[in-house]
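Novice: Here the protein sequences come in this chain order: A and B. According to the working numbering, the first sequence holds residues 70 to 406 in order. According to the working numbering, the second sequence holds residues 70 to 406 in order.
What the hints contain is simulated information worked out from the structure, not anything from laboratory work. Here a beta-carbon is modelled for each residue, glycine too, at the ideal position from N, C-alpha and C. Where hints are given, some of them may not hold.
To list a few chain A residues with every Cβ distance to chain B over 12 Å, as calculated [what the hints assert, rightly or not]:
| no. | residue |
| --- | --- |
| 1 | Leu76 |
| 2 | Ile132 |
| 3 | Ser236 |
| 4 | Arg363 |
| 5 | Leu405 |
Okay, the calculated bits of chain A under chain B, using three or more residues with CB under 8 Å as the criterion [to be verified]:
| no. | region |
| --- | --- |
| 6 | 87–98 |
| 7 | 253–267 |
| 8 | 316–330 |
| 9 | 344–352 |
| 10 | 383–389 |
| 11 | 393–403 |
Computed, partial: chain B to chain A, Cβ under 10 Å [said to hold, decoys possible]:
| no. | residue |
| --- | --- |
| 12 | Gly90 |
| 13 | Ser174 |
| 14 | Phe241 |
| 15 | Ile249 |
| 16 | Pro266 |
| 17 | Pro277 |
| 18 | Met320 |
| 19 | Ala326 |
| 20 | Leu328 |
| 21 | Pro343 |
| 22 | Glu381 |
2 protein chains.
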Amino acid sequence: MNTYSPLLLTEAASRALENAGLIGEHSNLVARVLIDADMRGHGSHGLMLLPLYLQRIREGGIIADATAEWLVESPPIAVVDAHGGPGQVAANAAAERCAELARGSAISAVAVRNNNHIGMLAAYRMAFQKRGIIGMILNIAGASVAAPGGSRATLGNNAFCLIAPTSRQEPFVIDFATGIVACGKIREALMKGNQVPTEWLMDRTGAPSTDPNDLDSGGAVPLFGGYKGLGLSIMIELLAGVVAGHTVSPMVNRQRAHLDRPMHCSQFFIGVNPSSFAVDSLEPFIEQLHDAVRSSYENQPPSRVYFPDQQEAFCHTLAEQNGLTITSEVRRLLDLP
Amino acid sequence: MNTYSPLLLTEAASRALENAGLIGEHSNLVARVLIDADMRGHGSHGLMLLPLYLQRIREGGIIADATAEWLVESPPIAVVDAHGGPGQVAANAAAERCAELARGSAISAVAVRNNNHIGMLAAYRMAFQKRGIIGMILNIAGASVAAPGGSRATLGNNAFCLIAPTSRQEPFVIDFATGIVACGKIREALMKGNQVPTEWLMDRTGAPSTDPNDLDSGGAVPLFGGYKGLGLSIMIELLAGVVAGHTVSPMVNRQRAHLDRPMHCSQFFIGVNPSSFAVDSLEPFIEQLHDAVRSSYENQPPSRVYFPDQQEAFCHTLAEQNGLTITSEVRRLLDLP
Numbered sequence: 070m071n072t073y074s075p076l077l078l079t080e081a082a083s084r085a086l087e088n089a090g091l092i093g094e095h096s097n098l099v100a101r102v103l104i105d106a107d108m109r110g111h112g113s114h115g116l117m118l119l120p121l122y123l124q125r126i127r128e129g130g131i132i133a134d135a136t137a138e139w140l141v142e143s144p145p146i147a148v149v150d151a152h153g154g155p156g157q158v159a160a161n162a163a164a165e166r167c168a169e170l171a172r173g174s175a176i177s178a179v180a181v182r183n184n185n186h187i188g189m190l191a192a193y194r195m196a197f198q199k200r201g202i203i204g205m206i207l208n209i210a211g212a213s214v215a216a217p218g219g220s221r222a223t224l225g226n227n228a229f230c231l232i233a234p235t236s237r238q239e240p241f242v243i244d245f246a247t248g249i250v251a252c253g254k255i256r257e258a259l260m261k262g263n264q265v266p267t268e269w270l271m272d273r274t275g276a277p278s279t280d281p282n283d284l285d286s287g288g289a290v291p292l293f294g295g296y297k298g299l300g301l302s303i304m305i306e307l308l309a310g311v312v313a314g315h316t317v318s319p320m321v322n323r324q325r326a327h328l329d330r331p332m333h334c335s336q337f338f339i340g341v342n343p344s345s346f347a348v349d350s351l352e353p354f355i356e357q358l359h360d361a362v363r364s365s366y367e368n369q370p371p372s373r374v375y376f377p378d379q380q381e382a383f384c385h386t387l388a389e390q391n392g393l394t395i396t397s398e399v400r401r402l403l404d405l406p
Numbered sequence: 070m071n072t073y074s075p076l077l078l079t080e081a082a083s084r085a086l087e088n089a090g091l092i093g094e095h096s097n098l099v100a101r102v103l104i105d106a107d108m109r110g111h112g113s114h115g116l117m118l119l120p121l122y123l124q125r126i127r128e129g130g131i132i133a134d135a136t137a138e139w140l141v142e143s144p145p146i147a148v149v150d151a152h153g154g155p156g157q158v159a160a161n162a163a164a165e166r167c168a169e170l171a172r173g174s175a176i177s178a179v180a181v182r183n184n185n186h187i188g189m190l191a192a193y194r195m196a197f198q199k200r201g202i203i204g205m206i207l208n209i210a211g212a213s214v215a216a217p218g219g220s221r222a223t224l225g226n227n228a229f230c231l232i233a234p235t236s237r238q239e240p241f242v243i244d245f246a247t248g249i250v251a252c253g254k255i256r257e258a259l260m261k262g263n264q265v266p267t268e269w270l271m272d273r274t275g276a277p278s279t280d281p282n283d284l285d286s287g288g289a290v291p292l293f294g295g296y297k298g299l300g301l302s303i304m305i306e307l308l309a310g311v312v313a314g315h316t317v318s319p320m321v322n323r324q325r326a327h328l329d330r331p332m333h334c335s336q337f338f339i340g341v342n343p344s345s346f347a348v349d350s351l352e353p354f355i356e357q358l359h360d361a362v363r364s365s366y367e368n369q370p371p372s373r374v375y376f377p378d379q380q381e382a383f384c385h386t387l388a389e390q391n392g393l394t395i396t397s398e399v400r401r402l403l404d405l406p
């Protein structure tokens, strides 16, 4: 694996997407979303996806020149139909619109329907950060997750993201899938020739598996958090699925299984303006929460303090300093030395 | 234990609260919220709380005659200061206002600050159900929960509730605490002389405990769902704590530890109008999700299908048929035969 600067990789990925049929502005956006995930240490949602995206563009799953259409523009809400285009395009438009609406109306929602994979949800954080808005992003995906105690993949690995604006460059972000692990993490292991922990995956018979191949061979990822995790996943289904997309995750096409069909996944964005509730800054409160988490370990110091976002910030700094490594497949695709 | 009709218990509890200083309308509301929890099978949030509420009224923790004050009334949001009154009063007003605002504005939020314990969040479901609005209720509580891998109680057992309206009498409801169990469930075991499962509780040293006394002796409840559960809890902190209450859970008074002080807990209500997004009915989608969960067990049928809300509906029907049993302490307090 060779190492390249994030900027060079963004330009190369953007070129590849433009060559595949995306307009320049869109190709650059998709490339930036992918590279951003790599920089935050989530290779699962990074350039690793580019070969798949290009294949889906070729086969019709991603309609390269689709134009997102605003169906509802009625503050404080809006609805956009992505018409099966690159998922990042409609998602980015929705994030910007949602944060803008929240500035004027204190709370807002934007629904995206008929969309494709939008990458890491946290990639849309800056729309909220730059306007001082708390953002929530909910996303449904095709069935890959088993219900608590179940073993067949019948629910989406639905995802949740919270963005809290700060006075620093980066907002505070929570971003997680409702499966015990994002499916991309299993595919990342597959690509690197690694096994996965047994708690990540079941095979087609429902037995715990360490073989990442099982994910796309009838296997399933367990839900996180038992029936409470299921509750959160159903909340995402009702808002991102039903309200935004008039669908539920079992009806969403899996992007690898149906290369020639748009996923028809959907997203729900919520914006809340803290200043409308007389909150000047979230930061002292976030610091108090950080202290509370830290002091929870006083009896038995753990090896690692679990507070969200620290790992991502650390990875981002490293990537800025050292660049990013890519697989040989992506290197060939990008025509890099 | 004797058995009484829910109606008789509501009237008796209402009388006891009125005698303690609540105005008639408020005493009836608080009583109905408590009995509703008993009927749904959550005795932890039912009449079991009445002795504590009465003691807190006597000692000043609940200000019986406080008047909730609307600080912001600016559609689509509103903010109400409960001024340390009975928690249910401001919560009920907020739920009604939130659902009403969502009918007009598609999405709405109502914040409640300086409040006390509001009981089971699902108790406020009918404000949303009768108007066809999806409701979310977020609540922060005093520190009783340890961070993932930690063992000291430094975070609130924050709670989340989702209400999805249906055409039936009852909405579909998800309602859970972010601790592995609601604190009330541990106190219910204490009252009944039962032990608790080791995964519910740690003692003051951080060791797993089966003794429910440990909850109020420096013990802690683990968070559900590891770092993802922590993410959800922090989401609740930022909306229900910071935005609504200008506080975080470590600053909230625990109602048993500070009988003479209002808890200063706070809540955030969100309403979403499905019809603004062209959704006529949520029910066929909820049915699809139910089928997806059920079919997840096809490989290995479990003893129980984990789909939210079924257990509560079952308990409610039983309680209507057979009445409710109460403890001898509550029976004496209510002056019942």
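Novice: The structure should be examined with respect to each hint, and the outcome stated for every one.
Specialist: A quick look at each hint next to the structure:
1. Leu76: Leu76 (chain A) clear of chain B: closest Cβ-Cβ about 31 Å, beyond 12 Å.
2. Ile132: holds (23 Å)
3. Ser236: Non-interface label on Ser236 (chain A) holds, nearest chain B Cβ at 15 Å vs cutoff 12 Å.
4. Arg363: violated (8 Å)
5. Leu405: holds (35 Å)
6. 87–98: Violated - the region 87–98 of chain A has 0 residues with a Cβ nearer than 8 Å to chain B, which falls short of three.
7. 253–267: With 0 residues in contact (Cβ-Cβ under 8 Å with chain B), the coverage given for the region 253–267 of chain A is violated.
8. 316–330: holds (count 5)
9. 344–352: Per the Cβ count (5), the hint holds.
10. 383–389: Since 0 is below three, the answer is violated.
11. 393–403: Check failed, 0 qualifying residues.
12. Gly90: violated (31 Å)
13. Ser174: Cβ of Ser174 (chain B) sits 6 Å from chain A, so the hint holds.
14. Phe241: Hint holds; Phe241 (chain B) Cβ to chain A Cβ min 8 Å, cut 10 Å.
15. Ile249: holds (8 Å)
16. Pro266: Violated. Min distance 13 Å.
17. Pro277: violated (12 Å)
18. Met320: Status holds, d = 7 Å.
19. Ala326: Hint on Ala326 (chain B): violated, closest Cβ of chain A at ~17 Å, above 10 Å.
20. Leu328: violated (23 Å)
21. Pro343: holds (6 Å)
22. Glu381: Violated - the Cβ of Glu381 (chain B) stays beyond 10 Å from chain A, reaching only about 12 Å at its closest.
In this structure, the earlier hints numbered 4, 6, 7, 10, 11, 12, 16, 17, 19, 20, 22 are contradicted, and the remaining ones agree with it.
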